[in-house]
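Same order as they appear, the protein sequences are chains A and B.
If you're matching positions, the first sequence starts at 1237 in my numbering and goes up one per residue.
If you're matching positions, the second sequence starts at 2 in my numbering and goes up one per residue.
Think of the hints as simulated: they come from the structure by calculation, not from any bench.
Ideal Cβ positions, reconstructed from N, Cα and C, are used throughout, including at glycine.
Incorrect hints may have been included.
To be verified - Short derived list, chain A residues pointing at chain B, Cβ under 8 Å:
id : residue
1  : A1319
2  : T1327
3  : E1643
4  : T1650
5  : A1673
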Amino acid sequence: MIHSTKGKAALGAALAAVLLTAGCGGSDGDAAADAAAYDPNAPVTLTVGTFGTMDFDNAGLYDEYMKLHPNVTIKQNNIAQSAAYYKSLQTRLAAGSGLDDIQGLEIGFVADVVENHADAFVDFAAEDNADELKGSFYDWKWGQASTEDGKTIGLGTDTGPQAMCYRKDLFEQAGLPTDREEVGKLWPTWDAYLDVARDYQSKSQNKFLDSPASIFSSSVYQGETAYNDADGKPIPGESDGVKTAWGYASTAASEGLTANLSQFGDEWNAAFSNGAFATIACPAWMLGYISSQMGDGGAGKWDVASLPGSSESASNWGGSFLGVPKDGKNVEAAKDLAEWLTAPEQQVKTFVEAAHFPSSPKAAEDPEVVGATNAYFSDAPTGEIFGKSAENIKRTPIGPYDTQIQEAFTTALTDIASNGTAPDAAFGNALKVAQQAIGG
Amino acid sequence: MTIASQTPRQALHGATTAAPPTAPRPPARRRTSLTRNRWGYAYVAPFFLLFAAFSLYPFLYTAWISLHKTSLSNIGGGTWVGLDNYRALLQSEFFWNAARNTLTIGILATVPQLCMALGLAHLLNYKIRNRTFFRTVMLMPYATSIAAATLVFAQLFGRDYGLINTLLEAVGLERIDWEAGTLSSQVAIAAIVTWRWTGYNALIYLAAMQSIPGELYEAAEIDGANRWKQFLHVTIPSLRPTILFTVVVSTIGAVQLFGEPLLFAGNGTTSGGSSGQYQTLGLLMYQQGWSNFHIGQAATTAWAMFMIILVIVGINAVISRLRTRAER
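Isolated chain B (complex conformation):
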């Protein structure tokens, strides 16, 4: 999914912005003529050809399809309906339900995930034994496929034969029908997301923490600040750009959440629960396109999701610009 393909690239970007003081300045670019570089173009051509074929073309084609009423088996045809699909989408209760679920699952997953990542990174920043081991372990969930993780979690959260309910019963609590309730199902899905991404974010924080100059901590210690105060007044402010970056990346991931709610249902249905209680925008798009075969509608939803992400990225840009201005 896009989450996986996007984040490493942006993580790299984030890491460099997180540690600007130590990064060496790039050498001034040598002026070269177009002809001298012509083999260079040949080298990069495969990437751009692939990009054009598998990213740019689908992107534009999706926009074109979203203006048509058409089905999967008639993907080349259909009737031109202009912006009708967008109008219908904004009036559809399924869209707003999915948008609401995406937001709540996003909050349920992102907030604890980033808080825990911050704490874990702080702990791993100390000189402890087997540091490399712990760091590797933390990245393991990220390396697990969504499908494998979700299938295991779905079994854990099973109503009749799930391990979690067995444990709840063992300590004298009521069994929970995790999938049936709105909050319970969203918590369960958020747990899968949190499990997968906490370690990844912790490592990003850790990288940024290690570029904080030690003198800052020494100065704080001389001023009598304890470890907690140091974390609060030295670590967190220094990490601000990194935190902003992880918030943006996690939010983009949350908007696109799809695999977990699809597989959580366990029987391949795309309704996101018996009353759509955990249907996300990504799942709604899949249902429209691949269960109901209304490919025009699905393209519209895809573009709506893209717009939402653009807005988030825009807000991020505004915030960081305001911040840089304030720092000047």
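The shape of chain A in the complex, shown without the other chains:
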């Protein structure tokens, strides 16, 4: 009896000791020494932190790299929601440990990393091949991941040049043209687009577009500024992009020209296959989302036309980067992999395999990209459409609170459409919510 008591007690003490020490095993690898002794052929395991569907795995890039470099093993740690990914990245940056060798950085939070954690990442602008690297990306893409003093903490993966997706079958029923050239000519401007919406709804039971957010989130980037001034300081109340985008979107909301769905919500997802709306502003990555929501039944129903106002200014929504944390154990090997994954040739492959539009003009000009068509979207020449859009994107300054500010405005637009709130009052509410997110 006594014996077993002692045994249990010892077990308890051992357990306690394990619990106490478990939290203390920090990473004490000597990064500098490792870097100095970099041997490109030494066996190494690299971890890549990704979110959502970055699709390096689906495009077969990891396998290809491991075949080219038999000493390298790549492990991907994917988190489905980018918001959840960002939270864990932030806590790891704060703790200075637990980071992957390569970290994906979404446009929604790259500005925060640029502003507050640039020192934690490798500066690609200081690399020996910096000029070559820089030259392979769109200027605005390179700029988004660069600090004011010229450090560049991430290499671009995909971008989100925008177009307007529309339902050919519903357009036909309402007596509108269905050819993508003609459809594009229907809406040279957002005002013209709203007129088409009014015309469509006089002839159809369905709403013209999915949500006021669809207009807002795409037209806001057509201004000189979106949510920030040139220094990246948030100016949601004064920005020209916000003002014009709000004008169009709040008109659509108060006139009931949208199905008033919350983007990425359950009802929005269900509405795709129910044909509840005829148009939706679509960044390149949205095409994959639409086809996955509608399944095979939606093939051939959709087509892609140009975004209203795109002859003046194109618009970019989304896109990502790859950064290499400075204190990792395999910094040199990780840099090689990050540079390879974001090189033009690989961007072409990711576009062909997974429809992520390149952030490199070299890749965008590749015949495989230019000539690409999307069978699901009525064989639309998506490579050409999005390529033209990407060329015309100007560098709208991004800031650390873009996601929150955008959500404040799109939420207020929903309020106009569902509760009849006056647009001016809703704008005031949105500013307060945005201010709460920025300040504090």
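Since the structure of chain A is provided, determine the placement of chain B on it from the hints.
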């Protein structure tokens, strides 16, 4: 969430206080020396170590952070601002909006929930067939995860494709945009809470009811009281301590309401509806800390919630003390 982790412990406590006459008196504690018990300390040590690491330390750290202006990615640093966060919180319309919503959703959820639980317990107290079956069924919602329940309810309450609106339309009523309106969204969320907790409270009431001596009912019957009168004048007064306990526990749960309003939005936003119409204090705290990354602000809100709960528990203590004094 804390609701789940707290209630069983307190329920146990409540059950014993609810049935003091039948509970055997604990044996007088044997005097023991510290050395004799040293293995006992080793046994309980893991709990206290875990408690210190995952409850006490975060508790104190939250207080420390609430005095700083800092962000999630700079959690170890930040600038000392003293009580500024608390001042800002009390002046913030978002805080008062959330406090108001928490109160109204709390009332909408707690009152019907406890009334229905009382009625159900009364019915289950009769000798009916398959009693165990009914009792088990009642506890099922409590065993369902908040996330699963809320996702199902959010679909039921959907505007365009929700079952409830389809039914409303079928009987010739107007569809309701449940999420958009203040009252409608709060009623919908309160319905989820009520669904989950009614059975749980009913079982607590039932346990207490079974400890009411049968003689009381016999005496009442001899005096000519019918079933309803018996319920009113025998059952309810005997249950008073238990009712007070469930009110306190439900109120604490209501103050901390978080999962339901977060998942009810359906797209992961933390604003609690298009005009914050169902943003609770818990959701506001989450928005400040995990959407806006102002961790100092969020810690302040957490402490404000803790204070509110302390006040509620304090009121409870005062009421029960007054009651015991009155009974003497």
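Legend entry - Violated hints, by number in ascending order, as checked against the structure: Structure breaks no hint.
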